[in-house]
Amino acid sequence: MEFGLSEEQKLLLESVRDFIVKELQPLEEQVETKGYLEPAQAKAIFEKSKALGFYAMNVPEEFGGGGLSALDTIMTEEQFGHTSDILIRRAFGNVYEVLFKCTAAQCQRWLLPCVQGARTCSIAITEPGAGSDDAAIKTRAVKAGDGWRLSGGKHFISDGLYSDFFVVSAVTDPNAGSRGISLFLVDKDSPGFTVGRNQLMMGQVGTSCVEIFFDDIQLSPENLLGQEGQGRKLVLETLGRVRLGQVGARAVGKSAKLLELMTNYANERKQFGQAIGQFQLIQQMIADSAIEINAARYLLYRAAWEIDQGRDAREWIPMVKVHAAETLGRVADRAVQVFGGMGWCKDLPIERLYRDARIYRIYDGTSEIHRTVVAREVLKKGAALFDVI
Amino acid sequence: MNLVVLIKRVPDTETRIQIKEGKVVTDGISWIISPYDEYAVEEALRINEKLGGGKVTLLCLGPNDAKETIRKGLALGADDAVHLNDPAFGNGDATVTAKVLAAALKKMQYDFVLAGKQAVDEDNAQVAVRVAELLDLPHVNSVIKLELAADKQSAQCTREVDGDRDVATTTLPAIITAQQGLNEPRYPSLKGIMGAKKKPIVDWKAADLGLDPATLSAKLETVRVDPPPARPPGKKLAGDAATAAKELVRLLREEAKVI
Chain A
0 MEFGLSEEQK LLLESVRDFI VKELQPLEEQ VETKGYLEPA QAKAIFEKSK
50 ALGFYAMNVP EEFGGGGLSA LDTIMTEEQF GHTSDILIRR AFGNVYEVLF
100 KCTAAQCQRW LLPCVQGART CSIAITEPGA GSDDAAIKTR AVKAGDGWRL
150 SGGKHFISDG LYSDFFVVSA VTDPNAGSRG ISLFLVDKDS PGFTVGRNQL
200 MMGQVGTSCV EIFFDDIQLS PENLLGQEGQ GRKLVLETLG RVRLGQVGAR
250 AVGKSAKLLE LMTNYANERK QFGQAIGQFQ LIQQMIADSA IEINAARYLL
300 YRAAWEIDQG RDAREWIPMV KVHAAETLGR VADRAVQVFG GMGWCKDLPI
350 ERLYRDARIY RIYDGTSEIH RTVVAREVLK KGAALFDVI
Chain B
0 MNLVVLIKRV PDTETRIQIK EGKVVTDGIS WIISPYDEYA VEEALRINEK
50 LGGGKVTLLC LGPNDAKETI RKGLALGADD AVHLNDPAFG NGDATVTAKV
100 LAAALKKMQY DFVLAGKQAV DEDNAQVAVR VAELLDLPHV NSVIKLELAA
150 DKQSAQCTRE VDGDRDVATT TLPAIITAQQ GLNEPRYPSL KGIMGAKKKP
200 IVDWKAADLG LDPATLSAKL ETVRVDPPPA RPPGKKLAGD AATAAKELVR
250 LLREEAKVI
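So the protein lines, in turn, are chains A and B. Quick note on numbering that gives the first Met the number 0: the first sequence kicks off at 0 and runs consecutively. Quick note on numbering that gives the first Met the number 0: the second sequence kicks off at 0 and runs consecutively.
Just so you know, these hints were derived from the structure itself, not from any lab. As the structure is a prediction and not an experimental result, all values here were calculated from the model. No residue lacks a Cβ here, since even glycine has one placed at the ideal position from N, Cα and C. Among the clues, some could well be false.
Stretch by stretch, here's where chain B covers chain A in the computed footprint (C-beta under 8 Å, at least three residues) [as the list claims (entries may be wrong)]:
| no. | region |
| --- | --- |
| 1 | 2–9 |
| 2 | 343–357 |
In silico DSS-like cross-links for lysine-lysine, where the CA-CA straight-line distance does not exceed 25 Å [unchecked claim]:
| no. | chain 1 | residue 1 | chain 2 | residue 2 |
| --- | --- | --- | --- | --- |
| 3 | A | K9 | B | K106 |
| 4 | A | K49 | B | K190 |
| 5 | A | K47 | B | K190 |
| 6 | A | K142 | A | K100 |
| 7 | B | K198 | A | K49 |
| 8 | B | K190 | A | K21 |
| 9 | A | K21 | B | K144 |
| 10 | B | K49 | A | K49 |
From the derived model, a few chain A residues whose C-beta atoms are all more than 12 Å from chain B [as the list claims (entries may be wrong)]:
| no. | residue |
| --- | --- |
| 11 | K33 |
| 12 | G64 |
| 13 | D186 |
| 14 | P190 |
| 15 | F192 |
| 16 | G202 |
| 17 | G309 |
| 18 | R313 |
| 19 | E367 |
Using the sequences and the hints, build the whole thing.
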């Protein structure tokens, strides 16, 4: 059992962190104030990161990506947690693993331009009536000739204003239940595609969340991602990786950043003639945060390691999702408390980080849903899920 | 060109320095390439990138753990490295360090040598100059701009002097030290990081340099290490602007004695 970082891992994480601290963090406040990232700045950070090979590091080398293992990808995602969502998207790319299912022809049109940063993709699964119950979607793809005609709509589609194509889930066979759902690659400029409102959110300012509508869009066989009827399975697979990387790992990174801010403040801020870090009630908040962050991190690494062993980590991912997201919630809450009035005040980033943290327990499956999955698996498989032998 | 860059492993500049039993505690601190040395590495890489060839060799004196620091330099793009790694070098001051580095450079082929103007740990700013003296090479320090002559036989070096610029031309080989402003160092790229392990690092000990460990004792004795005194609290001048300005002038003249 080896817990240390290899020389390459250490250098990579240091280099990514250094890039985040010097190039991305200085832009955070501006994004928050303006509500968006200036296109010129987005282009500049993309070009800098791309030149360093930091864009699409999770993508295998055969598709032009960085070729990192699942564990290395997860560790870089943890570093990404040290900055805000929109800056991560532009600097490091959000190339979803589901796109690796592209055929050779589809690769040319969708995956490869995405890895190059020439195109951007959003995942479009959620509908007003289908959140955690993602099989309840109403979007329909009706067979027409050798293709389909797509009708319906989605909402809460992250980065949808910027993205130029979408992985859309749609019912292809209404009689086949969850086996009647398929995934399609849908270009934004398809006739019949419209973007609705940008739905304003509590946090993660700068990342658009939009409604999108499909009005009888003509899809060809090339638009189908994977096999017909395989959509639900692909959704679960791809969301598994999203939950681990974009939610679990980033939650750990964000928690670590918050604890660092808290610790510095507790050492500097003086009340009653001493640093507030000398008070035991403050110490408890710092101790609990450190304990929970380490527990979340090693659970996270274990799940990623499972994937590198060729397993799908489906039992581990929900545990990570719940524990990392809830750790972040608690750490962010304590950070506001330790900072006191300054934690509530917009002069410091704590209140922004607190608002950004809240979504982690909700998106990509609520804590409640994931607890249900964990419990179901434990009841079914028993000790294999919580014992070591 | 064949360029050698002297690099030193130093505690991260954000380290909180703690002193215990008269020594700086080094346990659990993170280490970096001294920032001025990073400017030197960057300049060497840029020179060869511009010329479209050549080799950048890192030369580092330090303990086993300095390998990690060397590896970062290789990840930045240097081609290979020499690690002067012998416990006999370990207790050296600037005199000994310069002696060892000079002995190593005597064994190496180079067109010129770059280094940081000083290491940010002890801020001696002596080693590079001493090495140059030992090797009887010209040296130009604290350079913020470096331009090679077309024939590559000399270099024009710009330095900052009291609000002005001082330009010195030196023949090569020489030892040139980097000041902040020379360039903006790059980040190690993913490709550089993954390739760093494949680049050769040679370890040289005292015997490899023909040095007798008995001659490597420090000339400098450290009697005591103290943290810098805590900064005294600031002073707030009361009264309206005219009164405060008058009081400020008095304090600057009588207390601070700067005017």
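State the violated hints by number, sorted upward, taking the hints as numbered earlier in the document.
-> Those not satisfied are hints 2, 3 and 12.
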